[in-house]
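Using the sequences provided together with the hints, build the complete structure.
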Amino acid sequence: MRKIEYSVPEDFDGTPLYYFLRECVGVSTRIIQTLRHTPESVFVNGSESRVVDKVKADDKIEIFLPEKTEAPLLWETELSVIYEDEDLLIINKPSGVSVHPTRNHPNGTLCNAVAAYLKNKGNENFVARAVGRLDKVTSGVMVFAKNAFVASKLNGNLDKVYIALAEGVLEGEGTVNAPIYRPDINKTIRAVGEQGDEAITNWEALASFGDKTILKVKTVTGRTHQIRVHCAHIGHPLVGDEMYGAEVTDCMRRAALHCYKVKIMHPITNEEKTFAAELPDDFKKELEKSGNSLDKGELFC
781 MRKIEYSVPE DFDGTPLYYF LRECVGVSTR IIQTLRHTPE SVFVNGSESR
831 VVDKVKADDK IEIFLPEKTE APLLWETELS VIYEDEDLLI INKPSGVSVH
881 PTRNHPNGTL CNAVAAYLKN KGNENFVARA VGRLDKVTSG VMVFAKNAFV
931 ASKLNGNLDK VYIALAEGVL EGEGTVNAPI YRPDINKTIR AVGEQGDEAI
981 TNWEALASFG DKTILKVKTV TGRTHQIRVH CAHIGHPLVG DEMYGAEVTD
1031 CMRRAALHCY KVKIMHPITN EEKTFAAELP DDFKKELEKS GNSLDKGELF
1081 C
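Counting from 1, position 173 in the sequence shown corresponds to residue 953 in the numbering used here; the numbering is continuous, with no gaps.
Source of the hints: derived by calculation from the structure; they are not laboratory data.
Careful: at least some of the hints might be erroneous.
Said to hold, decoys possible - Straight-line alpha carbon distances no greater than 30 Å define the calculated DSBU-like cross-link-like pairs of lysine-lysine that follow:
hint	residue 1	residue 2
1	K1043	K783
2	K940	K783
3	K899	K916
4	K899	K834
In structure tokens:
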């Protein structure tokens, strides 16, 4: 069980504890309700407290975050760990692995692998929440939160940068603002259409060679398959992405998309942290076969 400690600032002198937790610390209403109904989860100056009790400036607050999420099945497989502390686990996700289990596929996902990893390390709560999903075919930086509080603070607050390899030649930079919807509820494929949800993607051409262009991509919204759909929409599907009209190559047999950098504000320490993952082998080989590559200093700027 994760213990987090705080000191009450002068601005919150005389306010109810729940108000301090919500407005100053950023604890979600749902977690506050869980704390309210969980014995020995909140202490003020060493004594158990209720969330409705008022606090004073310089009071020492301790909250013990209960974990009620049911643990997933365990999948023993090697993980490429980029960073880990008491609250975060950052993974370099391989292509071909789904992030979340489903009813039809309850095991063999990154969440199952992370659960096994944490249990083997002796973590009593071996449940970690994936923050910001990546498609099954997409590789790169994947953030996991080790408790509900950290997950809620990070949700919607990841600054991601992707590297993509698109068919055709693009120059400069641009924005694709085109809504995305799901034409068939029984299929994963998405499409652009007025009936869809708002979707905005920003891209910058890093280099072109032959009939391919390396792109740096950032999304303003987070729709399923967004980058893949938008690149196909402007006539430049990602190399290897058969679902959206591209052809596979000898090296790239999946959509050429990699989340190479994620920047966050650490929910506990308030430190800005950046995590990066090098391009996977299939991506590198696709570039190298044309005599091109990205300098690491350029890529990880």
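Hints versus structure:
1. K1043 x K783: Holds, at about 25 Å.
2. K940 x K783: holds, 29 Å
3. K899 x K916: holds, 24 Å
4. K899 x K834: violated, 38 Å
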